[in-house]
Amino acid sequence: MRRLTRRPVDGPVHGPGPVRDSMHGPLRESVHGAMPGAERPSTAPGPGGDGGLTESGGDRPRAPLGAGHAVRFATAALYELFMLLPVFLLFDHYLVPDRLERVWLVLAAPLSAAGAAASLWLRPMWQRLALALAAGGACHWAAGGPWPEDAAVFALTAGAVLQGATVAARAQYEAWYFLGVGIYAVASIASAIAPELRPLQGVLTVCGAAVLAVAVFALNRAHLAWAAHAEDRPDLVPRAVRRHNRFFIAGLFAVVLALAGGLGSLLWDAALYALREVSEAFPRPQKPEVFDTSPVAEPSASPNRPEAFFPPEEQPAWSRFLDHLFLALGGALAAAGLAALALHVRRRAGGWLRRLFGALLSFLQNKSPRPEPDPGYVDEETSLFSWEEAARKLRESRLFRRLKGRREERWEDMPDNRARVRFLYRRWLRRLEREGFRPPRHLTPRETAEKAAAFPAAAAVGDIPLLVELYYRARYAEAEPTDEEMAALMRRLERDF
Amino acid sequence: MAFHWMVLYGLIVLFVLARVYEKRALRHVTYERHFSREAAFEGETIEMVERIANRKLLPVPWLKLESVMSRHLVFGRQENFGVSRGELFQHHISLFSLRPYRRIVRRHRVRLAKRGWYRLESVTMTAGDPFGLVRAARKFPVSLTLLVYPRAVPLHELPLPNHGWLGELPVRRWIVEDPFLASGVREYQAGDPPNAVHWKATARTGRLQVHRREPTADHRLVICLNLEVTETMWKTVTDPERIEEGIRYAASVADYALRHGIETGFLCNGWLAGGPREPVHIPPAGGAAHLTDLLEAMAKLELETTGRMAWLLEREAERNGASLDFLLITCHRGEALRQAAARAESLGHGVEWMFIPEPKGEAVHAPAHA
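Going down the list, the sequences are from chains A and B. The number in the numbering used here is simply the position in the first sequence, starting from 1, with 9 added. The number in the numbering used here is simply the position in the second sequence, starting from 1, with 16 added.
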């Protein structure tokens with residue numbers, strides 16, 4: 010998170026001075042890509058001490074600003090308003106008079122966008138403040154209420170204009186995106202605590218998820234730009250890298266959604282259930298039986314209530330676990346059904362729908378519908394995956410060996426003759442150990458065989474020198490004994506060995 | 017599902033992700049780099065091939081390879097992969113994204129802007145989680161070398177003297193035609209190269225005329241490259257571009273001479289990169305392998321003098337019998353150098369001068385005999 014607050018940049022909106030955009034969120038880019046002189050190197054913030062909110066470098070030529078820039082600024086302002094939605098909702102809930110209902114909420118968006126667009130021309134801070142106060146005053150006058158009661162309307166509408174007019178100064182930082190996440194998280198906790206805010210929970214969850222998604226994608230994008238040393242031009246990050254990262258982040262986000270949507274509690278319940286089962290498997294110390302000597306109350310004359318026979322009890326953990334499991338299975342089935350439906354539609358579709366499917370498939374298959382500009386290099390990607398290799402790695406993995414260690418290795422598990430010879434040698438050593446002969450570990454296999462030759466149990470096994478010879482080849486020369494050699498060895502070994 | 021739970025789970029996932037990538041991002045990642053050719057000529061384009069593989073289930077969302085190499089290796093569309101150029105070196109970055117069990121072979125097109133001996137010792141690899149929370153770095157030794165030979169200049173562009181070279185030593189045996197030995201004109205014959213046409217004679221006679229070249233044999237050529245830009249220059253070359261042009265002339269003459277069977281040697285008062293700081297002396301010999309040796313020496317030549325060319329020339333003339341033809345490629349004709357040339361001639365050697373013109377194109381041809 011080091012880079013989130015790395016560089017204070019003189020906001021391009023605040024003056025015609027140079028701007029060097031180091032941040033790469035989609036909205037921030039759109040804002041700063043529109044800045045006049047965006048390609049020039051950065052300078053210190055303006056002398057106003059407000060983080061660059063004053064005019065500076067007035068002698069430089071100013072690039073013409075157009076409607077496109079105004080739209081980009083307005084988009085950033087609206088997104089920030091979206092991030093600030095919980096704050097506005099809380100104000101609305103507690104401060105805005107009921108008679109106004111939510112008219113001001115509808116007004117906040119256009120006011121903010123207008124403020125952002127106006128900031129292109131109103132550079133000094135005092136001009137923006139004046140605009141915000143004028144807009145707030147006009148809204149308050151239009152609301153027609155008395156001053157102390159409708160002060161919130163004035164504050165919120167003026168605040169919306171000012172927020173829009175100053176958004177570019179904040180939108181340069183990745184932290185800007187996470188500010189929204191923090192606001193939604195705090196509001197969500199507040200709504201969980203305060204019963205009167207509980208109806209907002211759904212809105213906060215859906216909008217918060219969107220804000221979180223934008224924030225993580227923006228952070229990843231900025232990080233890739235940093236890694237490519239292309240902080241000024243994040244579009245120079247190779248397209249394949251960007252695409253893979255997008256999939257990766259989308260996958261991670263899906264995992265988080267699944268965890269928050271029930272998988273987390275499912276796992277938690279499963280862990281609790283397993284813990285309970287384990288704890289119940291151990292015998293508990295018996296408490297000494299204590300006889301109750303208190304006088305027994307007379308039974309009531311009134312008939313027992315049914316609740317006494319079927320007392321209400323909490324749903325057991327395993328039952329909840331099964332609930333969640335079937336829920337997940339149902340979800341998977343529904344997803345599979347949707348995929349099948351999409352496939353069916355694609356096969357029968359024509360015209361633009363088929364093209365849409367084609368473009369989507371190209372995107373998913375990492376095929377660009379448009380020819381990419383020449384990047385100066387060519388990439389060839391090949392798969393290294395093989396089932397044999399995966400199986401071998403699995404066999405050699407620590408977990409597998411630990412699981413496998415619980416049962417004795419078997420002749421049938423051996424994949425080839427090398428493994429079989431080594432298996433026979435190990436088996437011979439184990440047999441020696443069972444018979445009481447423990448060969449010193451520093452001896453070579455041949456020395457071990459010579460030393461064991463005097464031991465009756467070792468000699469009874471069969472042709473040990475042949476076994477040792479094949480073992481040497483299999484173990485150290487990494488040569489595979491032939492089937493004939495294996496057959497000869499098996500003939501010379503004791504049948505029940 | 018409340019949003020704050022989502023944030024909490026997100027933080028847990030981030031924490032796990034950071035731990036996993038801190039430990040395992042670079043595990044089972046292999047890397048190698050090589051050039052498509054070990055040697056090439058200045059101005060040519062070759063490929064730098066990077067081969068990277070991720071042999072594990074964990075994908076690597078970003079992986080950065082950084083290396084520092086000479087700025088004279090010019091990459092196509094450098095801005096696409098973060099090449100930042102300095103005065104002598106450039107910082108080269110390759111960014112990858114590796115899926116599980118994948119290998120990527122990346123072929124960069126590299127234009128060789130200048131002759132030289134380029135070495136690459138190591139590459140630094142950095143990878144981490146997709147948000148930059150943790151990073152793991154490893155240094156990969158690569159031990160890569162690339163020889164860039166000087167570009168051959170077309171023979172007609174060489175500032176050769178106006179009259180025949182080795183004029184005092186013609187032989188009447190048709191062993192090899194000496195491009196520097198013009199004895200007159202003759203009529204054009206099928207197979208004559210276009211650059212042999214003598215246009216003035218053609219205009220005079222009204223028929224296509226070509227230069228008549230005299231054959232020569234049994235003479236050994238020594239190309240003497242003088243790194244002194246002026247007579248008073250010492251150590252570091254003050255006009256590298258001019259000397260680079262001289263090296264190209266030397267390479268062109270060596271190439272032509274060896275291809276036509278003339279045994280050719282090389283003498284220079286510079287020193288070779290990767291070797292001792294001694295003057296370069298390669299005795300005359302023939303064959304394609306010898307041409308490679310000469311070109312390699314010219315590629316490795318450092319622009320710093322180790323002694324005076326006049327002294328080297330005199331020593332070389334005295335060491336050998338009267339059978340060498342010296343071609344002096346130089347920027348100046350100082351007194352000491354002229355005396356050394358005269359001394360060589362007095363010993364029976366042939367001496368020719370090739371003056372390296374000023375960068376502005378003011379070609380000044382030295383007289384055949386100083």
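Be a bit skeptical, because a hint or two may be false.
Quick list of in silico lysine-lysine cross-link-like pairs, PhoX-like style, CA-CA up to 20 Å [unchecked claim]:
| no. | chain 1 | residue 1 | chain 2 | residue 2 |
| --- | --- | --- | --- | --- |
| 1 | B | Lys39 | B | Lys155 |
| 2 | B | Lys72 | B | Lys39 |
| 3 | A | Lys402 | B | Lys72 |
| 4 | B | Lys316 | B | Lys130 |
| 5 | A | Lys402 | B | Lys39 |
| 6 | B | Lys155 | B | Lys251 |
With beta-carbon atoms standing in for the labels, derived distance ranges [said to hold, decoys possible]:
| no. | chain 1 | residue 1 | chain 2 | residue 2 | range |
| --- | --- | --- | --- | --- | --- |
| 7 | B | Phe156 | A | Ala164 | 27 to 35 Å |
| 8 | B | Phe156 | A | Trp135 | 51 to 59 Å |
| 9 | A | Glu487 | B | His44 | 38 to 46 Å |
| 10 | A | Val215 | B | His44 | 35 to 43 Å |
| 11 | B | Phe156 | A | Phe432 | 46 to 54 Å |
Think of the hints as simulated: they come from the structure by calculation, not from any bench. What you are looking at is a predicted structure, and each value in this text was computed from that prediction instead of being measured. Each residue gets a CB set at the ideal place from its N, CA and C atoms; glycine is no exception.
Hints and how they fare:
About 16 Å separates the Cα atoms of B/Lys39 and B/Lys155, which keeps this hinted pair within 20 Å; it holds. A C-alpha spacing of about 13 Å is found between B/Lys72 and B/Lys39, which places the hinted pair at or below 20 Å, so the restraint holds. Annotation: proposed proximity of A/Lys402 to B/Lys72 holds, straight-line Cα distance about 10 Å (limit 20 Å). Simply put, B/Lys316 and B/Lys130 have alpha-carbon atoms about 11 Å apart, close enough for the 20 Å limit, and the pair holds.
With a C-alpha separation of about 19 Å, the suggested pair A/Lys402 and B/Lys39 falls inside the 20 Å cut-off, and the hint holds. For the proposed pair B/Lys155 and B/Lys251, the alpha carbon gap of about 36 Å is over 20 Å, so the pair is violated. A beta carbon spacing of about 60 Å between B/Phe156 and A/Ala164 contradicts the range 27 to 35 Å that was offered as a hint. In this structure, B/Phe156 and A/Trp135 meet the distance hint of 51 to 59 Å, their C-beta atoms being roughly 57 Å apart.
Distance hint for A/Glu487 and B/His44: a CB-CB separation of about 22 Å, inconsistent with the stated range 38 to 46 Å. Checked against the hint of 35 to 43 Å, the C-beta distance between A/Val215 and B/His44 comes to roughly 40 Å, which is consistent with it. Between B/Phe156 and A/Phe432 the beta carbons are some 39 Å apart, a value that contradicts the proposed interval 46 to 54 Å.
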